[in-house]
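Q: Spelled out from the first residue to the last, the chains are:
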Amino acid sequence: MALVLTEEQSMLRDSARGLISDKAPVSHLRQLRDSKDATGFSRELWKAFAEMGFTGLLVPEDFGGSALGCVADGSLLAAFAVDEGAKHRPLQTNLQAKRSGNGFKLNGAKAFVVDGHTADLLIVAARSAGSPGERDGLTLFLVDPKANGVAADRTAMVDSHNAARINFDNVEVNADHVLGEVDQGYQLLEGVLNIGRGAVASEMVGLSEEVFGRTVNYLKERKQFGKAIGEFQALQHRAAQLYIEIEITRAAVLKALQTLDANFDSAGAAVAVAKARAGSTATLAVQEGVQMHGGMGMTDQFDIGFFMKRARVCQELFGDANFHADQLARMKSY
Amino acid sequence: MSDLEKFRRETRAWLEANCPPEMRKPMTSDEDTFWGGRDAKFSSEPQRAWFERMRDKGWTVPHWPQEYGGGGLDGEQAKIVRQEMAAIGARAPLVSFGISMLGPALLKYGTEAQKKEHLPKITAGLIRWCQGYSEPNAGSDLASLQTRAETDGDDFIINGQKIWTSYANYADWIFCLVRTDPKAKKHDGISFILFDMASKGVSTKPILLISGRSPFCETFFDNVRVPKSHVVGTVNRGWDVAKYLLQHERAMISGMGERGVGRPLGQVAADSVGHDEQGRLEDPILRGQIAAFEIDEAALAAAAERAVDLAKAGQSHPAFSSAMKYYGTELNKRRYEILMSAGGIDALEWESERSKGGARPRAWLRTKANSIEGGTSEVMLGIVAKRILDLPGA
Ligand SMILES: Cc1cc2nc3c(=O)[nH]c(=O)nc-3n(C[C@H](O)[C@H](O)[C@H](O)COP(=O)(O)OP(=O)(O)OC[C@H]3O[C@@H](n4cnc5c(N)ncnc54)[C@H](O)[C@@H]3O)c2cc1C
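Protein chains in written order, with the numbering used here: chain Z, 1 to 334; chain F, 1001 to 1394.
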């Protein structure tokens, strides 16, 4: 398959771009931040996304009415609870799931559960057997956030998005709330994470492109020493390097997404490459973006800082560049 | 099954039956490359067989028209041939500046007579070409070149000097930039001309590289007589041809950065560095550098694939090959820094048989030219800044 967007994909991109620049420009996020909005995002906007079909892109249509159908139509918000420590290490999952009666009891704590404070449903990775580091013994559970023993603590993050730290204290879960098979959840978890990694990598390409576009415009506008700062070769070369990094990353991310579509079970390497590249590229883009805007780039009033903060969060989400480099090395046996 | 899937199967089967096992091993020395030319010699029987089979199928250059000895394949088919060759590690049967540089320029700017005369000899490996662009005082500022071509009836008389002319001492013909109008502005008085290196008045003098090898020359022209019909494109409009050719040269050089075939670099490194108890490369910092390198290498491969696809879809920027050239060559230099570091003292041997005559350190040194030849990295960044980003005054 050609590594370019199809006509249908280009149309989808254009409609997403239209909706977002209309309804959710940076000022929208700024407003949520400044008003200390209790939800931390706009449910109305989420509904608009759902109406455009964005929330159901990965869900086949005949799931209408089921929990999955409700996730797809935007009426049910599910949050994914995987990480426990400061870094993304899914294999180290240690939240305990002990058999009890007809089901399980969960004990432990999760962190970095994106929008976990308002979710209607939690998907929780837990250890039902074995020890941290082992593939076998992981199970995914559907947990009602209102169940006894679940305590979510909202954490506002640097990027004005929200994640929750969630405690599980003897939380009872029915056996029919197991997703997939008991003790065999790793493959499912890894697959879902790979989709998430692909999505976050795409977000980072978009973020890098936006920051870069704003920065190049500034290089053409801002004058010092009697000329546009974009005339200085030191800045030209850095801008050119950044452009090249972004284009190469864009190709790697497209490759990963196409591999996820065509060859899901062997997409791991392509996804690791994409997420690692996207993390490094976005980091470079926001750093150069702030630097080339001078003092202006450091002000809260100016939007570029929002991108820098978001890039930092995206870098950690589902594994940073170092994590994915290590994954790739393991896949290649060195 | 779609036509393309059928084509892929047939290609795979044909390559399986026709590519000798020896031609599926990574190249380790200069001898492994077959360059063609009047004096060409094969270094082995499998090399000959592989070349001849590919030539007869038109696959020394799969995407050129059949009438010029190419395979007549469209973009999708040519991509499949490349992918299937890469999948079995098949070597290029013929490497030449005729294929990667002159051919594309002739296809775009040449007359029918010029195409008929030169392209079949390129695809059949009969004539080996060299590139006469750089001069002692015209490197990055190529358009300031001074080699003169003066009119004498239907001929030009050429005088001057080129430098860094790769393999000029082995080449049969040269594609050369000459100044045909010394009074015009520097980009407007240049012509692109072809001539036989056996012409009277042409001489070459090899230059030794830091790798201890001598793949390029000083090339002198002393009253060399060349028919005017050998000009490609319009007289005094040679800069257009030159630039177009450079796009192809840069795309070709950028390919040096990705060699997805063969063992992963980390495993090669482990041969000399060793493993820790967990099976990881014993040097954790080198391991990290290698993984970061392999991420960039895979990303470059995707970008190269995308560049071809974008061109096919009519969405590519003509200067994009400068971006790829910059990235691919800087990456290849990184690869060899890693290989030298991984090889430790073993990679320092320069002459021994065990080291195949110092193959690794010589290759390492050779890569340093990648970001110079075909336009330096700094010049590539300047082109991206000016032509793609449209930055002022660049
Ligand atoms: C192995 C090898 C093979 C080659 N083969 C051929 C061949 O077959 N045919 C041929 O014609 N040529 C060939 N070349 C020549 C090559 O194209 C030139 O070396 C190259 O274009 C640079 O020119 P220069 O050597 O004069 O360096 P210079 O132009 O003098 O550059 C010196 C340094 O200054 C920098 N610099 C120059 N201008 C600028 C600027 N505007 N902004 C910022 N930095 C700048 C350069 O990037 C470089 O770092 C080959 C070179 C090598 C190394």
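Incorrect hints may appear among the rest.
As the list claims (entries may be wrong) - Cut-off 20 Å, straight-line C-alpha distance, at most; resulting in silico cross-link-like pairs (PhoX-like, lysine-lysine):
{"#": "1", "chain 1": "Z", "residue 1": "K87", "chain 2": "Z", "residue 2": "K223"}
{"#": "2", "chain 1": "F", "residue 1": "K1041", "chain 2": "F", "residue 2": "K1186"}
{"#": "3", "chain 1": "F", "residue 1": "K1243", "chain 2": "F", "residue 2": "K1079"}
{"#": "4", "chain 1": "F", "residue 1": "K1186", "chain 2": "F", "residue 2": "K1243"}
{"#": "5", "chain 1": "Z", "residue 1": "K227", "chain 2": "F", "residue 2": "K1115"}
{"#": "6", "chain 1": "Z", "residue 1": "K223", "chain 2": "F", "residue 2": "K1115"}
{"#": "7", "chain 1": "F", "residue 1": "K1200", "chain 2": "F", "residue 2": "K1243"}
{"#": "8", "chain 1": "F", "residue 1": "K1115", "chain 2": "F", "residue 2": "K1200"}
{"#": "9", "chain 1": "Z", "residue 1": "K220", "chain 2": "F", "residue 2": "K1386"}
FYI, nobody ran anything at the bench for these hints, they're computed from the structure.
Q: Is F/K1186 within 20 Å of F/K1243, Cα to Cα?
A: Within the cut-off at roughly 14 Å; holds.
Q: Going straight from one Cα to the other, do Z/K87 and Z/K223 come out at no more than 20 Å?
A: Violated, at about 43 Å.
Q: Between Z/K220 and F/K1386, does the CA-CA distance stay at or below 20 Å?
A: Holds - the C-alpha atoms of F/K1386 and Z/K220 are around 12 Å apart, at most 20 Å.
Q: Within 20 Å, alpha carbon to alpha carbon, are F/K1243 and F/K1079?
A: Not OK: F/K1243 and F/K1079 at ~25 Å, beyond 20 Å, violated.
Q: Given the hinted pair F/K1041 and F/K1186, is their alpha-carbon gap at most 20 Å?
A: violated, 41 Å
Q: Given the hinted pair F/K1115 and F/K1200, is their Cα-Cα distance within 20 Å?
A: violated, 24 Å
Q: With a cut-off of 20 Å on the C-alpha distance, tell me whether Z/K223 and F/K1115 pass.
A: violated, 51 Å
Q: Are the Cα atoms of F/K1200 and F/K1243 separated by 20 Å or less?
A: Measuring from Cα to Cα gives roughly 29 Å; hence the hint is violated.
Q: Please work out if Z/K227 and F/K1115 have their alpha carbons no farther apart than 20 Å.
A: violated, 48 Å
In this structure, the earlier hints numbered 1, 2, 3, 5, 6, 7, 8 are contradicted, and the remaining ones agree with it.
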